[in-house]
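2 protein chains.
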Amino acid sequence: MKDGIHRQEDCLARIGSVKDALYAINGKWKLLVVITLIDGPRRFNEIERSIEGITPKVLSKELKDMELNGFVKRIESHTNPVQVTYELTPYSDSLREVIVLLSAWGTKHRTHILEMSRRENTAKLMDK
Amino acid sequence: MKDGIHRQEDCLARIGSVKDALYAINGKWKLLVVITLIDGPRRFNEIERSIEGITPKVLSKELKDMELNGFVKRIESHTNPVQVTYELTPYSDSLREVIVLLSAWGTKHRTHILEMSRRENTAKLMDK
DNA sequence: GATAGCGGTATCCAAAAGGATAGTGACCAT
DNA sequence: ATGGTCACTATCCTTTTGGATACCGCTATC
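As given, the protein sequences belong to chains A and B, one line each in that order. Mind the numbering: the first sequence is residues 1 to 128 in our numbering, read in order. Mind the numbering: the second sequence is residues 1 to 128 in our numbering, read in order.
If you are wondering where the hints come from, they were derived from the structure by calculation, not from laboratory data. There could be a bad hint or two in this list.
Chain copies aren't distinguished; within one or between two, either way the pair holds.
Taking lysine to aspartate or glutamate and the EDC-like style, the derived pairs with C-alpha atoms no more than 16 angstroms apart in a straight line are [stated by the list, open to error]:
no.	residue 1	residue 2
1	LYS108	ASP20
2	LYS28	ASP65
3	LYS30	ASP93
4	LYS73	ASP39
5	LYS30	GLU48
Just so you know, these numbers come straight off a predicted model, no measurement behind them.
Whole structure, please, built from the sequences with the hints as guidance.
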């Protein structure tokens, strides 16, 4: 009762904060981009190749969005030809624990779902 | 280097897990429904009133979805008139730490964004 | 001179999410 | 009988999201 999440007033505040968080990381792609950049800076086409299913248009949009939100930095080298890399900012470290937790939860959830559908099938078999 | 998130093979697995997680909790509403149910079972219209901006159509859809995913349970009393309540399942406890973390992160992120836009305005003033 | 890679854009389109508004049938209170 | 609550559903519509495909100027390579 004192872990802070049960009290009514905290719930309202929490709804606001979670709304903010969901707004910033929404969509299918942003966290995946962060994950691929954790290993170090990557070039546009490298990112495109390591996230299966993403198109250049979408990746471009996500990167711009994430730059505005302060998660990634776009770096142009002064070589010729110009080379562009994207890297995480120190700020995006704050996302790391979110990712670790979501990943762990996603793993557990997948087995949970499999388990549920397995039981459903068993039940169907027993109905006959 | 040994926290498990830096190694290439782990990143690929992590992308899959995070995809699963995002798929299950996607949209603006699901986590907010969980939050309002943390205090205890609630009736349809109560939930509708405590989540600002949600419409009955959307809430109805979300609740069905969450029932299928095993997060909530729909309970009809056998009184007359029938009374319907929704409550969290034990399984949805696993979402609690996700919510706590996202909420904390959302709070920090909001101040981060405010800070960034404040600085931008300051910079603009100094340009003149 | 053809082809390929780079870092993207442009255009078009389909699907999904979500909002606005209204309505339904069962009940209940006045 | 009138109006209200409850738990939704129906219809319509707009916005958002994202997928397909093609293309661009530039460079590097064969």
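Hints, one by one, checked against the model:
no., hint, result
1, LYS108 / ASP20, "between (25 angstroms within a copy, 10 angstroms between copies)"
2, LYS28 / ASP65, "within (13 angstroms within a copy, 18 angstroms between copies)"
3, LYS30 / ASP93, "within (14 angstroms within a copy, 26 angstroms between copies)"
4, LYS73 / ASP39, "within (15 angstroms within a copy, 41 angstroms between copies)"
5, LYS30 / GLU48, "within (13 angstroms within a copy, 30 angstroms between copies)"
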